[in-house]
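Enquirer: Below, each chain spelled out in residue letters.
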Amino acid sequence: MKKTLIALTLGTATAALAAPAFADYPTRPIQMLIPYGPGGATDLSARALSTALTPIVPQPVVVSNRAGAGGATGSVAVRDADPDGYTLLFARVGSHTVNPAMNPNLPYTIDEFRFVGIYEINPVACVVNSNSGITTIDELIAKVNDNPGTVLFSSAGVGTLPHFGALMVLDAYGVTDLADNVIHIPTEGDGQALTAVLQGTSDFYCGSTSPAAPFVQSGQMVPLLVTSSERVEGFDAPTVDELGKPELKALVGWTGIAGPAGMPDEVSDRWGEWMAEAVQDETFLNFMTSGGSVVELMSPEDSVTFVNDAYEVFRRLVVELDLEID
Amino acid sequence: MTFMEALAAGFTLVAQWESIAFLALGVTIGVIAGAIPGMSATMAVALTLPFTFALQPIFGILLLLGVYKGGIFGGSIPAILIKTPGTPASSATALDGYPMAEQGRAGEALSMSLYASCIADLMSNLALILFAAWLASFALNFGPPEMFTLIVFSLTIIAGVSGDSLVKGIIAATLGLLLATIGLDFIGGTERFTFGSVDMRGGLNFVAVLIGLFALPEIIAYIRNPEAKEHRVRGMGYSRLKWPDFRRSLKSIFRGSAIGVFLGAIPGIGAAPSAFLSYSEARRASPNRENFGKGEIEGVAAAEAGNNGVAGATLIPLLSLGIPGDVITAIIIGAFMVHNLTPGPLLFVNNADIVYALFIGLIASSFLLLIVGAVAIRAFRYIADIPSDLLFPGVLVLCIFGVFAINNSIFDVAVMLVMGGVGYIMLLLRFPAAPFLIAFILGPMLENSFRQALLMSRGSLEIFVRGPITILFWCLTILSVVMIIRATVRAARLKREAARSATRVSATPKA
Numbered sequence: 001m002k003k004t005l006i007a008l009t010l011g012t013a014t015a016a017l018a019a020p021a022f023a024d025y026p027t028r029p030i031q032m033l034i035p036y037g038p039g040g041a042t043d044l045s046a047r048a049l050s051t052a053l054t055p056i057v058p059q060p061v062v063v064s065n066r067a068g069a070g071g072a073t074g075s076v077a078v079r080d081a082d083p084d085g086y087t088l089l090f091a092r093v094g095s096h097t098v099n100p101a102m103n104p105n106l107p108y109t110i111d112e113f114r115f116v117g118i119y120e121i122n123p124v125a126c127v128v129n130s131n132s133g134i135t136t137i138d139e140l141i142a143k144v145n146d147n148p149g150t151v152l153f154s155s156a157g158v159g160t161l162p163h164f165g166a167l168m169v170l171d172a173y174g175v176t177d178l179a180d181n182v183i184h185i186p187t188e189g190d191g192q193a194l195t196a197v198l199q200g201t202s203d204f205y206c207g208s209t210s211p212a213a214p215f216v217q218s219g220q221m222v223p224l225l226v227t228s229s230e231r232v233e234g235f236d237a238p239t240v241d242e243l244g245k246p247e248l249k250a251l252v253g254w255t256g257i258a259g260p261a262g263m264p265d266e267v268s269d270r271w272g273e274w275m276a277e278a279v280q281d282e283t284f285l286n287f288m289t290s291g292g293s294v295v296e297l298m299s300p301e302d303s304v305t306f307v308n309d310a311y312e313v314f315r316r317l318v319v320e321l322d323l324e325i326d
Numbered sequence: 001m002t003f004m005e006a007l008a009a010g011f012t013l014v015a016q017w018e019s020i021a022f023l024a025l026g027v028t029i030g031v032i033a034g035a036i037p038g039m040s041a042t043m044a045v046a047l048t049l050p051f052t053f054a055l056q057p058i059f060g061i062l063l064l065l066g067v068y069k070g071g072i073f074g075g076s077i078p079a080i081l082i083k084t085p086g087t088p089a090s091s092a093t094a095l096d097g098y099p100m101a102e103q104g105r106a107g108e109a110l111s112m113s114l115y116a117s118c119i120a121d122l123m124s125n126l127a128l129i130l131f132a133a134w135l136a137s138f139a140l141n142f143g144p145p146e147m148f149t150l151i152v153f154s155l156t157i158i159a160g161v162s163g164d165s166l167v168k169g170i171i172a173a174t175l176g177l178l179l180a181t182i183g184l185d186f187i188g189g190t191e192r193f194t195f196g197s198v199d200m201r202g203g204l205n206f207v208a209v210l211i212g213l214f215a216l217p218e219i220i221a222y223i224r225n226p227e228a229k230e231h232r233v234r235g236m237g238y239s240r241l242k243w244p245d246f247r248r249s250l251k252s253i254f255r256g257s258a259i260g261v262f263l264g265a266i267p268g269i270g271a272a273p274s275a276f277l278s279y280s281e282a283r284r285a286s287p288n289r290e291n292f293g294k295g296e297i298e299g300v301a302a303a304e305a306g307n308n309g310v311a312g313a314t315l316i317p318l319l320s321l322g323i324p325g326d327v328i329t330a331i332i333i334g335a336f337m338v339h340n341l342t343p344g345p346l347l348f349v350n351n352a353d354i355v356y357a358l359f360i361g362l363i364a365s366s367f368l369l370l371i372v373g374a375v376a377i378r379a380f381r382y383i384a385d386i387p388s389d390l391l392f393p394g395v396l397v398l399c400i401f402g403v404f405a406i407n408n409s410i411f412d413v414a415v416m417l418v419m420g421g422v423g424y425i426m427l428l429l430r431f432p433a434a435p436f437l438i439a440f441i442l443g444p445m446l447e448n449s450f451r452q453a454l455l456m457s458r459g460s461l462e463i464f465v466r467g468p469i470t471i472l473f474w475c476l477t478i479l480s481v482v483m484i485i486r487a488t489v490r491a492a493r494l495k496r497e498a499a500r501s502a503t504r505v506s507a508t509p510k511a
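Those protein sequence lines, which keep their order, are chains A and B. Here the numbering used here is used: the first residue of the first sequence is 1, the next is one more, and so on. Here the numbering used here is used: the first residue of the second sequence is 1, the next is one more, and so on.
Hints may contain errors.
Have a look at the derived ranges for each label pair, beta carbon to beta carbon [claimed, not checked]:
(1) B:Val489 / A:Asn181: 51 to 57 Å
(2) A:Leu321 / B:Leu479: 44 to 50 Å
(3) A:Thr289 / B:Phe193: 40 to 46 Å
(4) A:Asp146 / B:Gly467: 22 to 28 Å
(5) B:Phe193 / A:Asn286: 41 to 47 Å
(6) A:Asn147 / B:Arg493: 56 to 62 Å
(7) B:Ala379 / A:Pro29: 29 to 35 Å
(8) A:Asn147 / B:Ile425: 53 to 59 Å
(9) A:Val294 / B:Leu479: 52 to 58 Å
(10) B:Ser137 / A:Thr136: 26 to 32 Å
(11) B:Asn141 / A:Glu188: 17 to 23 Å
Sample of chain A residues with no beta-carbon within 10 Å of chain B, all distances over it, derived [what the hints assert, rightly or not]:
(12) Arg28
(13) Pro29
(14) Gly133
(15) Thr136
(16) Asn145
(17) Asp177
(18) Arg231
(19) Pro238
(20) Glu247
(21) Ala250
(22) Pro260
(23) Asp269
(24) Glu277
(25) Val294
(26) Glu301
(27) Phe306
Computed footprint of chain A on chain B, listed as stretches where at least three residues anywhere in the stretch have a Cβ under 8 Å from a Cβ of chain A [stated by the list, open to error]:
(28) 326–335
(29) 446–458
Think of the hints as simulated: they come from the structure by calculation, not from any bench. We treat Cβ as the ideally placed atom computed from N, Cα and C, and that holds for glycine.
Pulled out of the complex, with its shape left as it was, chain A reads as follows (with noise of 0.2 Å):
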């Protein structure tokens, strides 16, 4: 008899939560997972985003982090959530690019989300340390040929941004045999990958453009290339385009949001809508812009779009260069 009751309470309360669809989406609080720590590049411009989209969400966005394995762990606990539209995620290119497309052994696939919007995009730069003797990205590659086997790079860890950046400018720059030509040396994050190559421990680093800045401007490293159409304020260094590496344009950090894949469309538009108007804060384009990122809102359609090229784009080369990690 309880049990009936408590069946057919719980069934009439579903039926009531689901009855009315998503017109009137959000009508509870929205958590938004940063699958990343605080305090990195992901957690400060999340936090950023989600302060100049309290006023306009009507509901609390409530942000907290679910940090581990790279990304992994916060991104499972997304696609396993309901695709309700209250638990969403701040996806970023390493756990939603070049992890997918280097590890597969990765627990989830891109498929498994759906994105509303991605709203900043980080170019890449190469940078070396500016004792090093090095100035153009010519001068690196005659030394990765002439010492086969013994220029290190850093990366910010296993599947990362980093990772993948330095292999992928090499091999655009026709160096074979990329793991017996160069050293990958994985730390624990940009920081430390950047420290690395100021100490000399690494030769080079090709990241994001934000947590190289400060060592660009202050003269202790070399930029050799960005990966942007136009070039990136306080970095001296040629684009792609100038030089004649068009390709490498796909090179480049994004975050933005998703959810899990059956996320109705609802809820992909009154995303869409907030989002447009939260890139306009002055406060966060401030905060994005002074970082080097630069804040470029697409659409939900473009969005699933650009991931899913930026994907093909990392995972062909991951298996023309047998790049995959087992």
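Please build the complex by placing chain B on the supplied structure of chain A, with the hints as guidance.
Expert: For chain B alone, kept in the frame of chain A given last:
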């Protein structure tokens, strides 16, 4: 701008009531956040950052630095009162702080912790101001091989915190090292001991392991045998720190501050190794060696000095090279960048006034910490008076909530509960928890730096003796191993002699 002009300009920036107000606000936020298990200084700084965007640069940065400093001290409050350290660094404080609280000397332990923190903080800030350039070049010479030798040396601490049996300490440490290998392999990206679980891929959370290991066994022991604690006089957190106790701890405080300054200046080490190194050095130098781990006030002083000595020094690589030494300074970089200030060598040229204002603000923060901390102790020490049958259930709830809050993960709570069981078994078998924890913290650093160094050298072991720093740490390691062996042999001989004279005594009446 000459030095004096910059100093004067800096002074004008700080000498506004808002500067001091924001600094005090920051310290207060930090102490409260640090005192709540599950909140940490890192989290508090990350949450405060967005509020600084609208402030003037100097106010914003001072606010964040205040949170940072307050948070590091705040962690010692629950470590002492309820043996629930919120960060690995304050677990060294719990080693002697909690036994003191059990003896009804919570007030004394908290005051000592505060004074040691403030002195170490001041020393660290002075080191930043006076030796930044020199220490920064030291930090730049500290690559993976140097890091590896430092961690090897740090592992000799285990002997100092093993308690009665060195063998048991080494076994506990080995278990800690093993447990640290769970998760993704750092260099290859492959899974280790994850058993196909997504949660295990990320490894075991530090704080979950350490709360499980420290706080839960106390609670389980109480549940199994409530009478044991009721007869003991707890509570009465009103005991005052005595001057002779403070004076004899001063040496350890200064030593701990110096250790903190050196380790803090090296990026990527953090406060925990410093706190433990300072603790074990204090124990080795102290005539009261036997009393360490049983409520020795000098142990609290040394741990807190090592812990807080790091706080000013982490700003050395940040300000002079632009390198974030830890997660907190990485967040503080964000606060600089948003105001178009670039941390690094140029800051001293372009924004000398800000730099000197920061220096003055930092010195002021040490004194503010003394005031805010004293108020906090007054408020928190009543926890020591709560009867056990209310306190322990409360602590259990706080532990579960706190561990959940770190990552919003039930898995972490499960890890904590399992570690609580492990910790209780270790308690029953008289295995010390501290070596386990130290190995668990140092394990990943040991492995990563070893493998990074071998990658650099393409497999040649010569890299581990590549310069004076590595050789220095090898010598220190050998020295401490020799001393540990000598001490162990001496202890064994004393025991044997005691046993022999005992048999002689018992044999005499027979004859």
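Enquirer: All hints, please: hold or fail.
Expert: Taking the hints in turn, this is what the structure says about them:
no.	hint	in the structure
1	B:Val489 / A:Asn181: 51 to 57 Å	53 Å, holds
2	A:Leu321 / B:Leu479: 44 to 50 Å	49 Å, holds
3	A:Thr289 / B:Phe193: 40 to 46 Å	43 Å, holds
4	A:Asp146 / B:Gly467: 22 to 28 Å	26 Å, holds
5	B:Phe193 / A:Asn286: 41 to 47 Å	45 Å, holds
6	A:Asn147 / B:Arg493: 56 to 62 Å	58 Å, holds
7	B:Ala379 / A:Pro29: 29 to 35 Å	32 Å, holds
8	A:Asn147 / B:Ile425: 53 to 59 Å	54 Å, holds
9	A:Val294 / B:Leu479: 52 to 58 Å	54 Å, holds
10	B:Ser137 / A:Thr136: 26 to 32 Å	29 Å, holds
11	B:Asn141 / A:Glu188: 17 to 23 Å	20 Å, holds
12	Arg28	17 Å, holds
13	Pro29	14 Å, holds
14	Gly133	18 Å, holds
15	Thr136	24 Å, holds
16	Asn145	18 Å, holds
17	Asp177	15 Å, holds
18	Arg231	18 Å, holds
19	Pro238	22 Å, holds
20	Glu247	26 Å, holds
21	Ala250	22 Å, holds
22	Pro260	15 Å, holds
23	Asp269	28 Å, holds
24	Glu277	18 Å, holds
25	Val294	15 Å, holds
26	Glu301	30 Å, holds
27	Phe306	25 Å, holds
28	326–335	holds (count 6)
29	446–458	holds (count 5)
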